[in-house]
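Undergrad: One letter stands for each residue in the lines below.
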Amino acid sequence: MTLTMHLYRRLMMKGRVFWLVLLASVPGVIIAVAGIDMSSDGLAEAFVAIMMSVGFTYAIAALILTVSTLRDERDAGTLPYIYMRPIPRPTIAASSLLAGTLAAATIGLGGWLSTVLAGLIHGAPMSLMLPGAALLVSAAVGYAAIFVPVGYLFSRSVLIGLGYVVLVELALSGLVSGLAQLSIWRIAGSIYVDLVNASGIEVNIVLGPVAPGAGGGALKLAVVVVLGAGLLTWALRRRDAL
Amino acid sequence: MTNTVEVREVSKWFGPKVAVSEVTIGFGPGVTGLLGPNGAGKTTLMRVIAGLQVPSQGSVSVLGRDPRVDPSVYRVMTLVPEDEAVYEHLTGRQFVELAARLAKVDDPVGRAREVLETVELTDAADRALGGYSKGMRQRAKVAAALIPDPQVLLLDEPLNGADPVQRAQLIRLFKELGAAGRTVVVSSHVLREVERMADRVIAMVDGRLAAVGSVATIRAAMTDKPRQVFVDCTDPRRLGSALMATPHVLGVHLSGNRLMIEAADVSQVARLLPRLAVEDDLTISRIEPADESLESVFRYLVEGR
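Which chain is which? The protein sequence lines are A and B, in order.
For the first sequence, the working numbering begins at 1 and goes up steadily by one.
For the second sequence, the working numbering begins at 1 and goes up steadily by one.
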C-alpha cells in the first residue's frame with residue numbers, strides 16, 4: 001500500500017487535476033444546460049444518453065492521468081527509488097495499476113458529482129445517477145490497465161493513448177463490431193446500462209454490438225486488468241527501467 | 001578477497017551506439033573508484049549492475065543473485081543515482097522514510113532518523129527537498145541509500161554539487177563504509193576525490209576497461225610511458241648534463257631551478273641523484289614524482305586510446 005499511496009499522491013498533486021476534473025465534468029455542464037426545458041421523463045432519458053456519449057471526454061482525462069503513473073517517475077529519474085527496493089515486480093505492477101485506477105476514479109467521481117448536482121437541480125432520479133459512479137469507476141479500472149503499461153513502455157505514451165481512444169474507441173469500433181468488444185468505454189457502458197436498465201437509440205449507438213450486462217462487463221474488465229498487469233510485470237523485468 | 005559483485009562479459013548498446021563493451025570485472029569490499037571521461041560508459045555500467053538496465057549480453061550477479069531476476073537483492077544493494085531527481089514535494093525526512101517503508105525495514109521512522117544523522121541532515125530534515133541545495137539533495141539521496149544498511153553501495157557522481165565541507169564529510173563516510181567491509185563503488189570525474197577515497201581504481205574509456213588496480217600499480221604497468229620526476233636543486237643545468245650522460249635517463253627538461261627527469265626506471269634515478277649531488281657539489285632540496293597522480297595516469301589512459 002505504501003507504493004500505491006505514493007504513486008497516487010504523486011498523480012493527484014499536480015495542477016492538471018483541476019483541468020481533468022473539469023474535463024470529466026462536461027456531462028454535468030451539459031445536463032445542467034439541457035435540463036432547463038425538459039420534462040422529468042425526457043431528462044431521465046437524456047441523462048443516460050449524455051452520460052454515455054458526452055462522458056466519453058472522461059477517456060481523455062483518464063488517459064492523461066494514468067499514463068503518468070510510472071512515466072513521470074521514469075522521466076524525472078526517480079524510478080530507481082521505487083525499482084531498487086525488495087518488491088516483487090508483480091507487486092509493483094499491481095500497485096501501479098491500483099494507483100492509476102484510484103487517481104482516474106477520483107477524477108471520474110469528481111466529474112460524476114457535477115452530473116449528480118446538475119441532475120438534482122432538474123429532478124433527475126437518483127436511481128439513474130448513482131450507477132453513473134459505476135460507469136466511471138469501471139472505465140477507470142479498464143483505462144488504468146491499458147494506459148499505465150503504455151506509459152511505462154513508451155515516452156510518447158499520451159500520443160499512443162490518444163491513438164487508441166480516437167481510432168479504436170471512437171472511430172473503428174463503431175465500424176468494426178469485433179473492435180467494439182475491446183472498447184473500455186463500451187464495456188463500462190454495458191455495466192452502467194445494465195444497472196440502470198436503460199434502452200434507447202442513443203444507448204444502442206454508444207454500445208454498438210456490446211451487450212448490456214454488469215457481470216459480463218466486469219469479467220471483461222478483469223481480463224483486461226490481468227493482461228495489463230502481466231504486460232507491466234514483463235516490462236518491469238525485461239525492459240530498461242531508465 | 002571474494003567479490004560481492006561480478007560482471008561477466010557485459011555489453012550494453014543502444015541501437016548502433018555501444019555504451020559498454022565486453023566488460024568483465026569484480027568488485028569486493030572496500031572503495032572502488034570508477035573513472036572515465038563523459039560517455040565512457042560509467043553510468044551505464046552502474047545501471048546494469050543495479051539492474052536498472054538489461055545487459056545486451058553478459059551477466060551480472062550481486063552476492064550470487066541476478067538483480068533483474070531477484071529483487072530481494074535490493075535488501076543488500078542500493079544506488080545513489082547521478083540524476084539530481086528527488087521528490088521535491090517531500091521533506092527530507094519523508095523521502096528517507098518512504099525509502100525505509102519501501103525497503104520494508106523494521107522501524108522506518110527510527111532508521112530514517114539514524115541515517116539522516118549519519119549524513120548530518122537532521123536540522124534540515126523537515127524542509128521540502130525542493131528547497132534543498134544540490135549538496136543537500138545528494139546527502140538526502142545518500143541517506144535513502146543507507147536505509148537497508150547495504151552490503152553493496154553504488155554511488156554515481158555522489159559529490160556533485162556538494163560544497164568542500166560536505167564533500168569531506170561524504171568522503172569520510174564512504175571510506176568508513178569501505179573500511180567496514182562494504183563494497184562501495186564510486187563513479188566520479190573528480191580524480192582528486194577518487195584518489196582520496198578509493199583503494200582501487202577502474203578506468204573506463206569508450207565503454208571498455210582501460211585499467212584496473214591501485215594508481216601505483218596501473219602507473220607501474222605503463223612501461224611505454226617514461227616516469228617523470230621533478231628535482232629542485234642549486235644547479236639544475238649541471239645536474240641535467242650529468243644525468244644525460246648516464247644510460248638510465250631518457251630526457252631532461254629545465255624550468256627555472258626545477259629539473260624534470262624522464263626515466264624508464266625511477267629507482268635507478270633515485271640511486272644516481274645522491275651520487276651526482278656529491279660529485280658535482282649540488283644541493284637537492286626536493287624530489288617529487290611528476291606523473292604518479294591519478295590525474296596523470298588517467299590522462300595517459302585516455303590519450304592512449
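Note that these hints are calculated values from the structure, not bench results.
Backbone N, C-alpha and C fix where the C-beta goes; we use that ideal spot for every residue, glycine too.
Please note that a few of the clues may not be correct.
Some residues of chain B that are not near chain A, with every Cβ distance over 12 Å (derived) [claimed, not checked]:
no. : residue
1   : Asn-3
2   : Val-48
3   : Val-80
4   : Ala-103
5   : Lys-104
6   : Asp-156
7   : Arg-200
8   : Asp-206
Under the rule of at most 25 Å between Cα atoms (straight-line distance), these lysine to any residue pairs were calculated in the SDA-like manner [what the hints assert, rightly or not]:
no. : chain 1 : residue 1 : chain 2 : residue 2
9   : B       : Lys-134   : B       : Gly-181
10  : B       : Lys-134   : A       : Pro-88
11  : B       : Lys-134   : A       : Trp-234
12  : B       : Lys-104   : A       : Pro-86
13  : B       : Lys-17    : A       : Arg-237
14  : B       : Lys-17    : A       : Ser-53
15  : B       : Lys-17    : A       : Tyr-164
16  : B       : Lys-104   : A       : Gly-77
17  : B       : Lys-134   : A       : Arg-239
18  : B       : Lys-104   : A       : Ile-60
19  : B       : Lys-104   : A       : Pro-209
Here are a few chain B residues that face chain A, going by a calculated C-beta distance under 7 Å [to be verified]:
no. : residue
20  : Ser-72
21  : Tyr-74
22  : Leu-79
23  : Arg-101
24  : Pro-289
25  : Ala-290
Undergrad: Within 25 Å, alpha carbon to alpha carbon, are Lys-134 (chain B) and Pro-88 (chain A)?
TA: 32 Å, violated
Undergrad: Assess, step by step, whether the Cα of Lys-134 (chain B) is no farther than 25 Å from the Cα of Gly-181 (chain B), and give holds or violated.
TA: 29 Å, violated
Undergrad: Grab the minimum C-beta distance from Leu-79 (chain B) to chain A and call the hint holds if it beats 7 Å, violated otherwise.
TA: 6 Å, holds
Undergrad: Hey, Lys-104 (chain B) versus Ile-60 (chain A), does the alpha-carbon distance stay inside 25 Å?
TA: Judged against 25 Å, a Cα distance of about 36 Å means the pair is violated.
Undergrad: For Lys-134 (chain B) and Trp-234 (chain A), compute the direct alpha-carbon distance and say whether it is at most 25 Å.
TA: 35 Å, violated
Undergrad: Keeping to a limit of 25 Å between CA atoms, is the pair of Lys-17 (chain B) and Tyr-164 (chain A) held or broken?
TA: Not OK: Lys-17 (chain B) and Tyr-164 (chain A) at ~32 Å, beyond 25 Å, violated.
Undergrad: Check the hint pairing Lys-104 (chain B) with Gly-77 (chain A) against an upper bound of 25 Å on the C-alpha distance.
TA: Distance of about 22 Å is within 25 Å: holds.
Undergrad: Using the nearest Cβ pair, does Arg-101 (chain B) come within less than 7 Å of chain A?
TA: Where the cut-off is 7 Å and the nearest Cβ of chain A is about 4 Å from Arg-101 (chain B), the hint holds.
Undergrad: Val-48 (chain B): least C-beta distance to chain A exceeds 12 Å?
TA: 9 Å, violated
Undergrad: Per the CB criterion, is Tyr-74 (chain B) less than 7 Å away from chain A?
TA: 5 Å, holds
Undergrad: Given the hinted pair Lys-104 (chain B) and Pro-209 (chain A), is their alpha-carbon gap at most 25 Å?
TA: Measuring from Cα to Cα gives roughly 48 Å; hence the hint is violated.
Undergrad: Can we confirm that no CB of chain A comes within 12 Å of the CB of Asp-156 (chain B)?
TA: 10 Å, violated
Going down the numbered hints, you'll see the structure goes against 2, 3, 4, 5, 6, 9, 10, 11, 14, 15, 17, 18, 19, 24, 25, while the others check out.
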